[in-house]
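Enquirer: Sequences and hints are given; from them, build the entire structure.
There are 6 protein chains.
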Amino acid sequence: MIAHSFQGAVFGPAQRMHGATYVVDLELRREALDADGIVVDIGLATQVLRETLAVLNFQNLDEMPEFKGRNTTTEFLARVIFDHIAVRIAAGALGAQALPTAQSAGLRQMKVTLHESHVAWASYEGPLPV
Amino acid sequence: MIAHSFQGAVFGPAQRMHGATYVVDLELRREALDADGIVVDIGLATQVLRETLAVLNFQNLDEMPEFKGRNTTTEFLARVIFDHIAVRIAAGALGAQALPTAQSAGLRQMKVTLHESHVAWASYEGPLPV
Amino acid sequence: MIAHSFQGAVFGPAQRMHGATYVVDLELRREALDADGIVVDIGLATQVLRETLAVLNFQNLDEMPEFKGRNTTTEFLARVIFDHIAVRIAAGALGAQALPTAQSAGLRQMKVTLHESHVAWASYEGPLPV
Amino acid sequence: MIAHSFQGAVFGPAQRMHGATYVVDLELRREALDADGIVVDIGLATQVLRETLAVLNFQNLDEMPEFKGRNTTTEFLARVIFDHIAVRIAAGALGAQALPTAQSAGLRQMKVTLHESHVAWASYEGPLPV
Amino acid sequence: MIAHSFQGAVFGPAQRMHGATYVVDLELRREALDADGIVVDIGLATQVLRETLAVLNFQNLDEMPEFKGRNTTTEFLARVIFDHIAVRIAAGALGAQALPTAQSAGLRQMKVTLHESHVAWASYEGPLPV
Amino acid sequence: MIAHSFQGAVFGPAQRMHGATYVVDLELRREALDADGIVVDIGLATQVLRETLAVLNFQNLDEMPEFKGRNTTTEFLARVIFDHIAVRIAAGALGAQALPTAQSAGLRQMKVTLHESHVAWASYEGPLPV
Numbered sequence: 001m002i003a004h005s006f007q008g009a010v011f012g013p014a015q016r017m018h019g020a021t022y023v024v025d026l027e028l029r030r031e032a033l034d035a036d037g038i039v040v041d042i043g044l045a046t047q048v049l050r051e052t053l054a055v056l057n058f059q060n061l062d063e064m065p066e067f068k069g070r071n072t073t074t075e076f077l078a079r080v081i082f083d084h085i086a087v088r089i090a091a092g093a094l095g096a097q098a099l100p101t102a103q104s105a106g107l108r109q110m111k112v113t114l115h116e117s118h119v120a121w122a123s124y125e126g127p128l129p130v
Numbered sequence: 001m002i003a004h005s006f007q008g009a010v011f012g013p014a015q016r017m018h019g020a021t022y023v024v025d026l027e028l029r030r031e032a033l034d035a036d037g038i039v040v041d042i043g044l045a046t047q048v049l050r051e052t053l054a055v056l057n058f059q060n061l062d063e064m065p066e067f068k069g070r071n072t073t074t075e076f077l078a079r080v081i082f083d084h085i086a087v088r089i090a091a092g093a094l095g096a097q098a099l100p101t102a103q104s105a106g107l108r109q110m111k112v113t114l115h116e117s118h119v120a121w122a123s124y125e126g127p128l129p130v
Numbered sequence: 001m002i003a004h005s006f007q008g009a010v011f012g013p014a015q016r017m018h019g020a021t022y023v024v025d026l027e028l029r030r031e032a033l034d035a036d037g038i039v040v041d042i043g044l045a046t047q048v049l050r051e052t053l054a055v056l057n058f059q060n061l062d063e064m065p066e067f068k069g070r071n072t073t074t075e076f077l078a079r080v081i082f083d084h085i086a087v088r089i090a091a092g093a094l095g096a097q098a099l100p101t102a103q104s105a106g107l108r109q110m111k112v113t114l115h116e117s118h119v120a121w122a123s124y125e126g127p128l129p130v
Numbered sequence: 001m002i003a004h005s006f007q008g009a010v011f012g013p014a015q016r017m018h019g020a021t022y023v024v025d026l027e028l029r030r031e032a033l034d035a036d037g038i039v040v041d042i043g044l045a046t047q048v049l050r051e052t053l054a055v056l057n058f059q060n061l062d063e064m065p066e067f068k069g070r071n072t073t074t075e076f077l078a079r080v081i082f083d084h085i086a087v088r089i090a091a092g093a094l095g096a097q098a099l100p101t102a103q104s105a106g107l108r109q110m111k112v113t114l115h116e117s118h119v120a121w122a123s124y125e126g127p128l129p130v
Numbered sequence: 001m002i003a004h005s006f007q008g009a010v011f012g013p014a015q016r017m018h019g020a021t022y023v024v025d026l027e028l029r030r031e032a033l034d035a036d037g038i039v040v041d042i043g044l045a046t047q048v049l050r051e052t053l054a055v056l057n058f059q060n061l062d063e064m065p066e067f068k069g070r071n072t073t074t075e076f077l078a079r080v081i082f083d084h085i086a087v088r089i090a091a092g093a094l095g096a097q098a099l100p101t102a103q104s105a106g107l108r109q110m111k112v113t114l115h116e117s118h119v120a121w122a123s124y125e126g127p128l129p130v
Numbered sequence: 001m002i003a004h005s006f007q008g009a010v011f012g013p014a015q016r017m018h019g020a021t022y023v024v025d026l027e028l029r030r031e032a033l034d035a036d037g038i039v040v041d042i043g044l045a046t047q048v049l050r051e052t053l054a055v056l057n058f059q060n061l062d063e064m065p066e067f068k069g070r071n072t073t074t075e076f077l078a079r080v081i082f083d084h085i086a087v088r089i090a091a092g093a094l095g096a097q098a099l100p101t102a103q104s105a106g107l108r109q110m111k112v113t114l115h116e117s118h119v120a121w122a123s124y125e126g127p128l129p130v
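Protein chains in written order, with this note's numbering: chain F, 1 to 130; chain L, 1 to 130; chain X, 1 to 130; chain D, 1 to 130; chain V, 1 to 130; chain H, 1 to 130.
Possibly wrong hints are sitting among the right ones.
A pair counts as met if it fits within one copy or between any two copies, since identical chains are not told apart.
As the list claims (entries may be wrong) - No more than 20 Å apart at the CA atoms, straight line, and that leaves these computed lysine to aspartate or glutamate pairs for EDC-like: (1) 68 <-> 34; (2) 68 <-> 36; (3) 111 <-> 66; (4) 68 <-> 25; (5) 111 <-> 63; (6) 68 <-> 83; (7) 68 <-> 125.
If you're looking for bench data, these hints aren't it; they were derived computationally from the structure.
Expert: As structure tokens, this is what we get:
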């Protein structure tokens, strides 16, 4: 649940300070299941997602230094969250079996979707860096 | 899509400037259908709902004089929207057949629900004043 | 999935032949659970609902004699379905334990909701005749 | 996410050991908002709901002594959860402003809904004891 | 909300005149955000989608010359809508920054989904012609 | 609606006997519609999906010989269902026009998704063997 404003005539009334609730989905893909028969430890994945969102939740994004001069649109935020989680995965936050590798084992692909209402959403997807 | 902040320790981090997307449902009830076989002209009802929400959309509610000193919680806003629409109905904005009357004809009951995410919502419901 | 057209200026372009998909929910209420610990046998209830809808499904409602001269609006159809099912319940189609009676046992209240899209729906609710 | 089996021919194949995921909604009603402009502290309400569900989650309900000889149907469980939460509310778990009283202040009504799939659900609702 | 009938034994009762409500989702993809930090101007995209659907809404598709001799199935209509919107995009209806080009800038991929109920849907997706 | 338990510390309380409701979506893709203007006969597809799920429904998966020594996780079951249906398609259960072939005609790709709640799901997708 964040507040922000946008710069640019294309945004019309959204140039004013306003806000949004984002419901965020995280999707992880791999070619074969790990030794436990799972794609990922859903408990760890939920924790990493929560920790990533906690930095943004209940904030006025206009005042966060890392977003200075940027329009924090839904699609922009999808990429921000993707990059944060990719770093955590590479650091082992989802466990050793989830580590992306050049071989086929491990997580290979990730998608982050931000639903801003029942009709509008944006997502960013791409390979996990190995 | 509004921005606001709350006063009171109970709100924790929501005391900071943040925001929300509300998806708003309007429900109207009557005892018998009108002469056209409908509860209400859904085109007019949609227009009245849109006009009511347009006053709030893309606003920082903390800066609106009518909300000074109030916590613009989801449940509070449900009542605000209910009252606005009730006035419009009484003024005939949904047509003559929708006018609440002491007799059984006309709209009798209304419910306004604000969904702030896929899990949290609040509503206000009550009789339409005749 | 039905086709129909409406009579009356209030319907605008819906005066032309058009159609709709209805997703129909059936809700049954009683004060206390029956001897098996249930409100109703959900298998029987589903069957009665399916049989009721089968009469309407894939029809042009304008050509059905029982709807002659009526606007088969969503709210009108909710009542039609309510009445059909109420008759079936009274005839024992949901089993002896579901029979509405003057005493507190048995089903007491029913609600039929027709969802015509993700935003528009209508329902009819009322007591089950004893 | 629970496992259980049912006794009674009416349950057909559900007489075998099987399971269900329940998504549980809690709805609280009062006549007027409290001094903070809310129905209830949603943080406390979420915590009480989680603690109540934690007792049931990942259990084989057939092995829980309190359910011996009972069919733990969805509608039965809705009542069980309602009663647990009502006791917690009366004990002050939702704060002093939420206490049901004979006067109009405080929470007055509660509804617990268990969704067992996208089409089937059951709920129990009633007044909160004062 | 359209009416139509189908030719072919595979359609069973859907060979009769019937109808459907379609909820239509439009998804646009590009490799990098434009200068404003967006995938597309959602206001323009909504307008182009509305204008495209307005041609079909409240129509008996059996009577539209362009569909003569075709089964206007959900999957067929997804393609029809895709093609209409692709032409509009190429004509600049979503703005200069959205124009698909041989270079990586601009919209690259589109998906049109028609939901005909809570369980059935069809979509067409493909590259946007450059 | 199945019961099962998991082996492995990663599963925490899910190592106990518990259960789940799965809502299963089946998605089929081809490059061009068949002679009737459809991707697949949705009646046949629904029947094949139902028959496949009937083998699993209301079962304790721990007791099914084919799953001995396996964790019947959501993602594992998605693959099981995918493989069952792929065999049925190859055997002609969806009709001759649906048969995957080396040429572009016929079904080419399938995706099976198991929703275990409103927030958690898993899917398996891949080409249909020709």
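Enquirer: Hint numbers the structure violates, sorted upward?
Expert: 3, 4, 5 and 7
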